[in-house]
Amino acid sequence: MNETRKTIYPLSERDPDNVRTATGLSLTDMTLDAVIKGKVTASDVAITPETLRLQAEVARSAGRDRLALNLERAAELARVPQEVLMSTYELLRPGRTESSHALRERARALREQFGAIQIAGFLEEAADAYDARGLFSRRY
Amino acid sequence: MSSSNRWRRFTEWEERPLGLDRFAVEDAENGFSVFKSPYDPEPAIEIEDGKLVSMDGRKLADFDIIDMFIARHHLDLDAAERAMGMESAAIARMLVDINVPRAELESLARGMTPAKLADVVSRLSALEIAFAYSKMRQRHAPGNQAHVTNAKDDPVQLAADAATAVALGFDEIETTMRVAGNAWSNALACTVGAAVGRGGVLFQCSIEEAEELQIGFAGFASYAETVSVYGTERAFIDGDDTPWSKAFLTAAYASRGIKARCTSGAAAELLMGFHEKRSLLYLEARCLCLQRAMGVQGTQNGGIDGAPLTASMAGGVRELMAENLLAVWLGLECASGNDTRISESEIRVGAKITPYLMAGSDLICSGFGSIKKYDNSFNASLFNGEEVEDYLALQRDFEVDGGLRPVSEDQILGLRVRATEALAAVLQELGLADVTQAMRSSVVFASGSDETASFSAGQASEISAKIKDHGLTALDVVKALAKQGFREEAENLIFMLRQRVSGDYLQTSAIIRDGRVMSAVNTPNDYQGPGTGYRMTPERWQQVRNIRGTLSRAAVLAAESTGRVDGHPPFRLQSTGPARQGNDPREVVIGVSPAFAERLHQTTAGHPLSDVIRTLTAGIEEGGGIARIVRILHTADTSFLGLTAAKLAGSGIGIGIQAKGTAVIHQADRLPHLNLELFSNAPLISLDHYRAFGRNAAGYARGERPEPVIVPVRGEALGARFHVRVALLYALETELVDPGAKPVDVVAEFGGASA
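Taken in order, these protein sequences are the chains called A and B. Every letter in the first sequence is one number past the one before it in numbering that gives the first Met the number 0, and letter 126, counting from 1, is 125. Every letter in the second sequence is one number past the one before it in numbering that gives the first Met the number 0, and letter 585, counting from 1, is 584.
Just so you know, the hints here were simulated from the structure itself, not pulled from any lab data. Treat each hint with caution, since some may be false.
[Unchecked claim] Which chain A residues face chain B? A few, computed with CB under 8 Å, are given here: (1) S11; (2) M29; (3) L31; (4) S42; (5) G62; (6) L76; (7) A77; (8) P80; (9) V83; (10) L84; (11) F135.
[Unchecked claim] Stretches of chain A that chain B covers, calculated by requiring three or more beta carbons in the stretch to come under 8 Å of a beta carbon on chain B: (12) 13–27; (13) 32–41; (14) 48–59; (15) 110–116; (16) 120–132.
If you're wondering where the values come from, they're calculated on a predicted model, not measured in any experiment. Backbone N, C-alpha and C define an ideal beta-carbon position, used for all residues, glycine too.
Based on the sequences and whatever the hints tell you, model everything.
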């Protein structure tokens, strides 16, 4: 593991200039005055995939590889719209569809449209598991 | 009174709060087994050609979804060969061995199956579990989480109570609603309240996942902990999720910069009816392996909703501790339960929290009810608003940091005023509602929602709908606060939004204190025996110990310094020369202590010493005696005061009395500690008792054997109530003792007139 990545943490204290919002503001730009002047918008108050990957590196260097993987999956989801996020979650819940088709289709779409490779693999793994355990039976 | 053929103590026991608790019989067949069920698998693993073949006695082909997920994402096969081959007892000893580092044990855990993990911790006693927990928990400093809710979903009260919780030191606050539609109003109100004062507190609004994610996305929540997982497949499905859906959800939260932790706890499967006859601990070990596998940073664990059922079983509380240990051993942040109230007995409640206070925990309670019990929309917590000061006293008793600190009345009032004003300003600025001065005042002083005249749940729904419909975000609140002059609060809120963008609080066990992130990455628990790990700084200890009700010497003495008791004329005992030897057989001598009416002027029961002298004298006279008062200077001890007085008395009967009110009747020819009568519990002695005491003394002088005066004791903890004062006051008596000084006769001067 790369111990050195731990030293950039906490990003907000160690490297605030290099943490950027979606529109390119740095943390030090996110001041109250900037908010009042309307320079900070709702899209700035969201974490970016880049920052999530940095945090994943920090987690991995702290010996927390499972958390790192989760943060990498999060990085892939960061630009996925809310509705897609929620409908994907819905597809993953038990008994929402009668076959694994929709879930596999969603995996493909996320991979192609958002480059969500790990998430796609994760969805396909779920589809296999649900097939094996007969979880594709409608609950309502 | 019952006439039944029964020792009545049983009835009394039944009437105590504990009498309402019910206890469960061990019954593995029906899911009531704690540490081990005959249906639990033996720990085992089979690996062939680097591939897993079976785990805990189940073949790959028979794996349920939980086995699959654990095998795929938790189990490190390289570590498994070694860890599964080790004796469980040996690993158990490593957990309590200060020479084995936390990291080494965490590596081992990655190679252990749920049955193996359960087998190891089941070998530890409650004390060993607590000790291992103090070594294995993740963050250096302990923390705590508060529930902030109320029975009306009143946003004004939520803001005031959130600010109060922040002032008390909570690192996280969690709200939920009576009416689901009020989520946005609750979230906004707590966000504003939590920004008042020191700020920097993580906040969550507990509601259905999709809504919670939206609220978080709008900036009105910084963490979520409602990601429940279960230890059996059918319970999981019945909970409408799978390990994959929940893992996806935790990634979704992180993708929005929201800290997440899962929730699991013993007896959840039992309550849901899908326990597979397995023990509570084994099922929980499955839950916790799952959570590590999902990559969530932490867990809310330790019974939670199932805690009362778990605590009803023999060894249940030890099990709750054991599952918390599993959580931290697996490298998870642990919000260690201690939320749902497990008992009606305050003794069981206090005992439940004690090991956690001693061991410390990332979040000692995963919901300390900072509000009153009836205002808690999650149900009453182990500790509640009513009991905050009990908790503060426990921290002080054991010299431990439970995450809270005392706050002064002025400080709290100021914050509550500020929070209600800030919320009113935001609601007005954003066109959500008008808050009148009367509404705010009713909230500021109210202990709970029974006393408020503010918003109802229905009115909160209107506010909530507007927040949602207008698409308001935390940025709108920042602007509204700033525009209305609440700049400090606006700064606190923008600080939290910056934190979200940085993702720093997504790391394990992260909290924010004094504007700084503290997590297991930058402030890890480094306990390795005495002198290591977390200890309070002198400044922190000063905060923790400064609870209300502490008496300093200066304060106690100030009350005595005037020489008068409020509302009573000045009283003194005027010396008339060396005490003479009495010879009247009716004479009873009252021997007073050195500081009596000299430095000290009332008894611990609050009687002015003038009244005490008057009633003692009156009693003696009623009994046909003659009273004489002598000040004794060579001792302050009651027995010797009494004996000295007796020897000076013509009757050979004397009363010795200290300024604090302790008194004795003595006889000249008795041994010092073999008195005739003793009033030892000064705080309980009434003037009537002193009068009767005087009468009895005169009776002894006449050679009678009067019925002794009994001061009834009802089991009061008199030492707790009075000994601080007594010790300080008695020191004044002993200071004035002059071993060589002879007794002097004195006359009582009551407000100028002598008696």
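Here is how each hint holds up against the structure:
The interface hint given for A:S11 holds, since its Cβ lies 4 Å from the closest Cβ of chain B, which is under the 8 Å cut-off. Hint status for A:M29: holds, given a least beta-carbon distance of 5 Å to chain B, under 8 Å. Interface restraint check: A:L31 against chain B, minimum CB-CB distance 5 Å, threshold 8 Å, status holds. Interface restraint check: A:S42 against chain B, minimum CB-CB distance 10 Å, threshold 8 Å, status violated.
The interface hint given for A:G62 holds, since its Cβ lies 7 Å from the closest Cβ of chain B, which is under the 8 Å cut-off. With a least beta-carbon distance of about 4 Å to chain B, the hint placing A:L76 at the interface is held under the 8 Å criterion. A hinted interface residue such as A:A77 counts as satisfied when its beta carbon comes closer than 8 Å to some beta carbon of chain B; here the least separation is about 5 Å, so the hint holds. At its closest, the beta carbon of A:P80 sits 11 Å from a beta carbon of chain B; the interface hint therefore is violated under the 8 Å criterion.
For A:V83, the interface hint is violated, since its Cβ never comes within 8 Å of a Cβ in chain B; the closest pair sits about 10 Å apart. Hint status for A:L84 relative to chain B: holds, with the closest Cβ pair at about 5 Å, below 8 Å. With its C-beta approaching chain B no nearer than about 12 Å, A:F135 sits outside the 8 Å limit, and its interface hint is violated. Check on the segment 13–27 of chain A: 4 of its residues sit with their Cβ under 8 Å from a Cβ of chain B, so the three-residue criterion for coverage holds.
Requiring three or more residues with a Cβ within less than 8 Å of a Cβ of chain B, the coverage given for the segment 32–41 of chain A holds, as 5 such residues are present. With 6 residues having a beta carbon nearer than 8 Å to a beta carbon of chain B, the segment 48–59 of chain A meets the requirement of three or more and the stated coverage holds. With 0 residues bearing a CB less than 8 Å from a CB of chain B, the segment 110–116 of chain A misses the requirement of three and the coverage assertion fails. With 8 residues having a beta carbon nearer than 8 Å to a beta carbon of chain B, the segment 120–132 of chain A meets the requirement of three or more and the stated coverage holds.
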